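Participant: Sequence:
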Amino acid sequence: MKFKFQILLIFLFLSGGLYACECIQTKSMEEMVKDADIIFYGSVVAVDDRNDPVYAENVKYSTFGKDYANKGGYEPIFKIIENFKGDINDHLIDGKFNYQTEWTNCDRLYEIGYSYIFFGNYDDKGKIRTSICMMGGIVKDLEFLEEIRYLTKKQ
Numbered sequence: 004m005k006f007k008f009q010i011l012l013i014f015l016f017l018s019g020g021l022y023a024c025e026c027i028q029t030k031s032m033e034e035m036v037k038d039a040d041i042i043f044y045g046s047v048v049a050v051d052d053r054n055d056p057v058y059a060e061n062v063k064y065s066t067f068g069k070d071y072a073n074k075g076g077y078e079p080i081f082k083i084i085e086n087f088k089g090d091i092n093d094h095l096i097d098g099k100f101n102y103q104t105e106w107t108n109c110d111r112l113y114e115i116g117y118s119y120i121f122f123g124n125y126d127d128k129g130k131i132r133t134s135i136c137m138m139g140g141i142v143k144d145l146e147f148l149e150e151i152r153y154l155t156k157k158q
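All residue numbers for the sequence shown refer to this note's numbering, where the first residue is 4 and numbers rise by one.
FYI, nobody ran anything at the bench for these hints, they're computed from the structure. Given the structure is predicted, the values throughout are model-derived calculations rather than measurements. There may be inaccurate statements among the hints.
Capping the alpha-carbon separation at 20 Å, the derived lysine to any residue pairs in SDA-like fashion look like this [what the hints assert, rightly or not]:
no.: 1; residue 1: 143; residue 2: 126
no.: 2; residue 1: 143; residue 2: 116
no.: 3; residue 1: 37; residue 2: 101
no.: 4; residue 1: 99; residue 2: 48
no.: 5; residue 1: 82; residue 2: 38
no.: 6; residue 1: 88; residue 2: 38
Okay, the calculated beta carbon distance ranges per label pair [to be verified]:
no.: 7; residue 1: 98; residue 2: 141; range: 29 to 35 Å
no.: 8; residue 1: 118; residue 2: 30; range: 31 to 37 Å
no.: 9; residue 1: 156; residue 2: 128; range: 18 to 24 Å
no.: 10; residue 1: 40; residue 2: 148; range: 14 to 20 Å
no.: 11; residue 1: 30; residue 2: 96; range: 28 to 34 Å
no.: 12; residue 1: 92; residue 2: 28; range: 27 to 33 Å
no.: 13; residue 1: 109; residue 2: 38; range: 25 to 31 Å
no.: 14; residue 1: 25; residue 2: 90; range: 27 to 33 Å
Each residue gets a CB set at the ideal place from its N, CA and C atoms; glycine is no exception.
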């Protein structure tokens, strides 16, 4: 029994630096729309993970397997379907938006072929950033897009 208690204590001390990748949404959708610099709806046509220098190091530790970038990834290339807020024209390459992640444990994984609503803000270097604490994700119903459209026009 004493040994189990010691193991439990060691586990608790070692996990002190860990954190969960969750956010409790305390803002309304209207506040989230207001706070975002960029909002668009787009389809993931490819991922660009392999072209990021961090990719080779991270794939060693990835539990997704070496071919995960064939199905999706952290650095999506979006074909823009509709831009709701912000000017993203300066960020388009060949008419597509390439999002570069920070490669943190809490970055979203994007799947090729799915359509997403993307909320982002400019960081201090002028790059567009998103996080799990911002609204966004796969669009499952068109009513959600109608609400975003309504809220962005209202501003």
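Participant: None of the hints should be skipped; say for each whether it holds.
Facilitator: Tested hints:
| no. | hint | in the structure |
| --- | --- | --- |
| 1 | 143 / 126 | 29 Å, violated |
| 2 | 143 / 116 | 13 Å, holds |
| 3 | 37 / 101 | 23 Å, violated |
| 4 | 99 / 48 | 9 Å, holds |
| 5 | 82 / 38 | 24 Å, violated |
| 6 | 88 / 38 | 11 Å, holds |
| 7 | 98 / 141: 29 to 35 Å | 22 Å, violated |
| 8 | 118 / 30: 31 to 37 Å | 23 Å, violated |
| 9 | 156 / 128: 18 to 24 Å | 30 Å, violated |
| 10 | 40 / 148: 14 to 20 Å | 19 Å, holds |
| 11 | 30 / 96: 28 to 34 Å | 31 Å, holds |
| 12 | 92 / 28: 27 to 33 Å | 30 Å, holds |
| 13 | 109 / 38: 25 to 31 Å | 19 Å, violated |
| 14 | 25 / 90: 27 to 33 Å | 32 Å, holds |
The structure does not agree with the numbered hints 1, 3, 5, 7, 8, 9, 13 stated previously, though it agrees with the rest.
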